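A.B. asks: Sequence:
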Amino acid sequence: MAIHHFQPTHYHTTLGAHEPVLQIKSGDTVFTTTVDNAGYDATDTQVTPGGNPQTGPFYIESAEPGDTLAVHFDRILPNRKIGRTATVIAPNVLDPGYVASEMPEGGRAEWHVDVEKWTATLMSPVTQLGELTL
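FYI, the numbering for the sequence shown is 134 to 267, going by the working numbering.
Since the hints were made in silico from the structure, they are not lab data.
Remember, it's a predicted structure, so these values are computed and weren't measured experimentally.
Hints may be right or wrong, so weigh each one.
Unchecked claim - Computed cross-link-like contacts, DMTMM-like style, restricted to lysine to aspartate or glutamate with a CA-CA straight-line distance of at most 25 Å: (1) K158 <-> D207; (2) K250 <-> D200; (3) K214 <-> D161; (4) K158 <-> D200; (5) K250 <-> D169; (6) K250 <-> D174; (7) K250 <-> E264; (8) K214 <-> D247.
What the hints assert, rightly or not - Between beta-carbon pairs, the in silico distance windows are: (9) Q140 <-> V259: 11 to 21 Å; (10) D200 <-> D247: 38 to 48 Å; (11) E194 <-> T260: 45 to 55 Å.
Where is the CB? At the ideal position from N, CA and C, for every residue including glycine.
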């Protein structure tokens, strides 16, 4: 079983017939990074357009159509000290009949990520709850 260190140079926002970025075998280990949903990397620099860019695809030698692919994550770590989330629920995640009125315009929240403590603290917007740490 081989160990691969893969540094992405481009990303895809679609599923489809993209050329494989790395050829691996069943049981191999891949160390890699990715970007956030808006295309920002570990240095908080936008390196690709947003839209939930994906790392890959990876080609699995000897895999055939119809095979089930099992992926085991040994470790997943944040790669920077800032995180972002929407401040409203995305309208596509609710049943349209559940929403009584039009959803408000989306805002953005910024979080400080403490990798040592495994916490995230809300930096903005300021809320009536005061400091919020998860």
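A.B. asks: Does each hint fit the structure? Answer for all of them.
C.D. replies: Verification of the hints:
no., hint, in the structure
1, K158 <-> D207, "17 Å, holds"
2, K250 <-> D200, "39 Å, violated"
3, K214 <-> D161, "30 Å, violated"
4, K158 <-> D200, "14 Å, holds"
5, K250 <-> D169, "21 Å, holds"
6, K250 <-> D174, "22 Å, holds"
7, K250 <-> E264, "16 Å, holds"
8, K214 <-> D247, "6 Å, holds"
9, Q140 <-> V259: 11 to 21 Å, "37 Å, violated"
10, D200 <-> D247: 38 to 48 Å, "40 Å, holds"
11, E194 <-> T260: 45 to 55 Å, "51 Å, holds"
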